[in-house]
Amino acid sequence: MERSDIYILCIEDEQEVLDAVVRDLEKLEEQFPVETANSAEEARDVIEKLLDDDKKIGLILCDHILPGDNGVELLIELHNDERTHASRKVLLTGQAGLDDTVRALNEARLHHYIPKPWTREELLEAAVNLLTDFVIEEEENILPYMSTLDAEKISESIRTRRSISDE
Amino acid sequence: MKSGSSGLTTVQITGLFLGIFGLILPFLLPLGTLSFAGHIGLGIFIMAAIFWMFEPIPIYATSMLVILLQIVLLSAQGPMYMDAKLPSGEPVELQENTWQIPANALKGDNTVLVVTEPGKTEPVRVDVIERNGRHVIVRSEELSADQSIVTDTGHRLVNYQPNSYTDYLGTLANPIIILFLGGFMLAEASVKYNLDKNLTRYLLSPFGSKPRFIILGLMLVTAALSAFMSNTATAAMMVTVILPIIAQLEPGDRFKFGLALSIPIAANIGGITTPIGTPPNAIVIAALTEYGISISFTDWIILAAPLVVIMLLFAWWLLLILFPPSVERFKLDIKGKLNTKPKAIGLYVIFAATVLLWITENQHGIPSSMVAFLPVAALVTGSILNKNDIRNLPWDVLWLMAGGISLGIGMDKTGLAVWMISGLDWGAMGYITLILVFALVAVGMSNFLSNTVTATLMMPLVISLHTSGVMGDSFNLLVTGIVIAVACSLAMALPISTPPNAIAMSTGIIRTKDMARVGVIIGAVGVMLVLAYAVFYWPLVTN
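Going down the list, the sequences are from chains X and S.
As numbered in our numbering, residues 946 to 1112 make up the first sequence, in order.
As numbered in our numbering, residues 1498 to 2040 make up the second sequence, in order.
No wet-lab data here; the hints were simulated from the structure.
Treat the numbers as computed from the prediction; the structure is a model and nothing was measured.
Don't take every hint at face value.
What the hints assert, rightly or not - Derived pair list, reagent style BS3-like, types lysine-lysine, alpha-carbon separation capped at 25 Å:
no., chain 1, residue 1, chain 2, residue 2
1, X, Lys1098, S, Lys1689
2, S, Lys1834, X, Lys1098
3, S, Lys1707, S, Lys1582
4, X, Lys972, X, Lys1001
5, S, Lys1617, S, Lys1689
6, S, Lys1884, S, Lys1689
7, S, Lys1604, S, Lys1582
8, S, Lys1832, S, Lys1707
9, S, Lys1689, S, Lys1840
10, S, Lys1832, X, Lys1098
11, S, Lys1828, X, Lys1098
12, X, Lys1098, X, Lys1001
Generate coordinates for the entire structure from the input sequences, incorporating the hints supplied.
Following this line, the structure appears as structure tokens:
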């Protein structure tokens, strides 16, 4: 499997939880490298560094309670930044109140909400779906992602969008 | 090949430089009898071939570049030929059969070029008596005082009558391209209103739930759809049909290889069935039409369909032998409901009418390209397709074909095509051997190159074998053309051979070695079958 330049970013302040998320995403890591951050501040640095290297951020999994700015604030900021606008955004949390969750939905166009505790299948399925949408929307050549992501959806997009033609 | 921001690979950079070098290479070589324009044509041909092979730029971009180079370097209105006049003059008769001519009028092989009609000259042998600087005195009984002779035999207009740039640009409106445009718009509308999926659902239902018949059904439906739609779009759609079936199988079940391979195989073979099935057919038909051989939609189906059916049945048998079904029955569940909104009904009517008019061309005589404008105009008139849908058409494929047709025109006009075949004693090869060699080369090349490009590179040679007459009376241009078209579509041994192969391989279900094994067998059996048809069946139908 060839490593793509699409990254998954996990933001979580508790190291054990972060490790668990990364472990659950292991199946995807070969193609979508995983970067981690413990705070919103660190996440911004990681994002800047990746974007400077011409990498893309396909998926952002973010805890709500973080030191400094909280997760919802960070996601809103990333939604408004055109470079991370297309990135799929997931709030992975047990502690976000209704107000914060509503803000995340309305202002960050949150793509998915995963309440803690989660199961590996649940997390993986969400990640696969969201990354599939991301590559269909953003990538010119989507064939390399078919075997790891949702092959049916990718075939369907080839059929309807004619991204590949007879030669 | 990688594309986008990642930059060019080493192979692509090599190709880029080789291609640019190829463009000027003919001027660095002594190419004897090839005209000046032929040198330009050869340079464009080498560059295009290298660009198409190494893909430093997309293949459709190479096609567009070919047209640009041709209108600039070869057309009558381009800077190269805009003001050019063939330098000619009358020979001065000193005494009977003794003439004084300019030194540059004498070619190295002691011939003088007599202008017979604009752009055409004929060599006349002369005996040199005396050379004195700027003039030569020669003896010849064939020259006469009222004849015009070329006074500079190295001139760029010698043996070349440049054609208008509109001939090269006009290839995008070539009738065969319009035929494809009609097909593309029907396909676009079919996808938009899910006609392709609904047809698949109806057509598959009689095949029941036994695995072997499901595979047969999948292959026949895939082939039937790809005969009228793009092979790639058909394969992509059918992959969405087979993935749920494969999900019902045990992970280690080898039957899934057969299932996943059946789609690209049938899509590749299905394209052979009709003129609009796949782009190589267009290249062949356009080249034949240039030579006054018209082939109707009906004729093409009569020629190609019997071969398609046999190849499909063979491939079906092969897949069942290699990957026998492991379960008794499958549940085949394609979701969807026939769209009955007025626009969708409009599409069904236009689709049915167009296909009916196409396949009955021999009965009513209306050319298929003319019929093709029915869906083009009707689909937009009825707002069945809107302007976004039109923008979504595969214009790259139309330009790819147009560039291919244009390259063929240039090769013919410049005398390049005839020159290229002149080096070999083709007649010694025999017609059947020639067919076999052409089929093998076409299958071999298009396993690695685009099928359209393979047809583009080979058709000019086929045409010049015909025009030069070196093959004698046994040579059948129409049959040889069809051999090329069919052989280009029989290449499916590698993931890169065709886009349907690439899609099937990308699912991660098949291994490359399975695809290679099945693809090589199908290619080999296909070539044998093509040979048999070329000898026994096609001549019967075409004569």
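* Asked: Taking each numbered hint in turn, which are not upheld by the structure, reported in ascending numerical order?
  -> The structure conflicts with hints 3 and 5, although it agrees with all the remaining ones.
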